[in-house]
Amino acid sequence: MMLTTIACALLVQTTEPAQSYDVTLDFHYYNQFESSITNGGDVEVSYTGAELRIDTPISDDDDLQYRFQYQRDDWTFGGGGLGVNDPWDKVNTLDFALQWTHQFNEKTSWFVGGIVRASYEDGATMTPRAGGTVGVVHVYSKDLVLGVGAGVIGQAQDDPRIFPLFVVEWKLNDTLRLTSNLSTRFGSRTGLELVWTPRNDWSFGAGYSYSYSRFRLDDTGFASNGAGEATSWPLTFRATYTASPTFDFSFVGAFVFSGHLEVVNQSRQLIQSTDYDTAGAIGLFGQVRF
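Note that the sequence shown covers residues 1 to 290 in our numbering.
The reader is advised that the hints may include incorrect statements.
[As the list claims (entries may be wrong)] In silico DMTMM-like cross-links for lysine to aspartate or glutamate, where the CA-CA straight-line distance does not exceed 25 Å: (1) K142 <-> E106; (2) K142 <-> D22; (3) K90 <-> D219; (4) K90 <-> E44; (5) K171 <-> D201; (6) K90 <-> E229; (7) K171 <-> D22; (8) K107 <-> D55; (9) K171 <-> D26; (10) K90 <-> D159; (11) K90 <-> D158; (12) K142 <-> D55; (13) K107 <-> D22; (14) K90 <-> E262; (15) K171 <-> D143.
Simulated from the structure, these hints should not be mistaken for lab results.
Turn these sequences into a full structure, and let the hints guide you.
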């Protein structure tokens, strides 16, 4: 995650030149099990995706990060209510971001970035939406880094979305820390994770996050050329094994709370809005560092 990269860099606090670039590839598979929809029917979804990040210094005080993300969400609806309407099926999200970070002094840095995102159901028009981010990060001590910021991004069949950004890197003791760098992050998830690292090759985490997605629908459903929206609050538990200095993988279990689904037509009118029951989820996450 871009903001956590800033926090880690500030914690290190070195004046030596960095290497020319760092490349990281994250990938994931995550399945949210079937859950009952409040107004009838049921829903299940699986997520598959990958994210490539390239970090490179451009001067002693300036760094650039490039990020490309692809994710495919496979939704399955059944039963009555919203399940009968089968509002969407497979959703693709392509996301490209560029962020510039400037170290203002030895304890403070600021960042600005640009985003281009396209999120759409199979068969729908791939319409890119643009946005940006800005914020500041400060080192309060050798154990604490905090940052705040804001972002904005265009959306399908809605006004641009404004969202908060925050950075937390808090070392509680030699094995325990609180971080906003979610090991189970994908898509637009943001939150906090408590991480316990009892040994060099294993770590364990418990995190709570907010998940948000909005996407354009195809022209064949009951809300043709409209938009779908899905939000939830996942509570995740993970165990991560570091197999080598360049590769680790995580086993994840989760409870997904406060799931909510909305359907908007092409006139931006809300035609369906419903919740679904708490759902269980499992996943496998990996990271390769080059």
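Each hint tested on the structure:
A C-alpha spacing of about 12 Å is found between K142 and E106, which places the hinted pair at or below 25 Å, so the restraint holds. A threshold of 25 Å between alpha carbons decides the hint, and for K142 with D22 the separation of about 24 Å falls inside it, so the pair holds. A threshold of 25 Å between alpha carbons decides the hint, and for K90 with D219 the separation of about 14 Å falls inside it, so the pair holds. A threshold of 25 Å between alpha carbons decides the hint, and for K90 with E44 the separation of about 12 Å falls inside it, so the pair holds.
Proximity of K171 to D201 is assessed by CA-CA distance (about 18 Å); at most 25 Å being required, the pair is judged to hold. Restraint check: the Cα-Cα separation between K90 and E229 comes to about 13 Å, which is no more than 25 Å; the hinted pair holds. Between the alpha carbons of K171 and D22 the distance comes to roughly 24 Å, so the proposed pair stays at or under 25 Å and holds. The suggested pairing of K107 with D55 holds, with an alpha-carbon distance near 20 Å, which does not exceed 25 Å.
Distance hint between K171 and D26 is fulfilled; the C-alpha atoms sit about 24 Å from each other, no more than 25 Å. For the proposed pair K90 and D159, the alpha carbon gap of about 24 Å is at most 25 Å, so the pair holds. A distance of roughly 21 Å separates the Cα atoms of K90 and D158; the hinted pair therefore holds under the 25 Å criterion. In summary, the hint linking K142 to D55 is supported, as the alpha carbons are separated by about 23 Å, within the 25 Å threshold.
For a cut-off of 25 Å, the pair hint linking K107 to D22 stands: about 22 Å separates their Cα positions. Simply put, K90 and E262 have alpha-carbon atoms about 16 Å apart, close enough for the 25 Å limit, and the pair holds. For the suggested pair K171 and D143, the alpha carbons sit about 5 Å apart, so the restraint of at most 25 Å is met.
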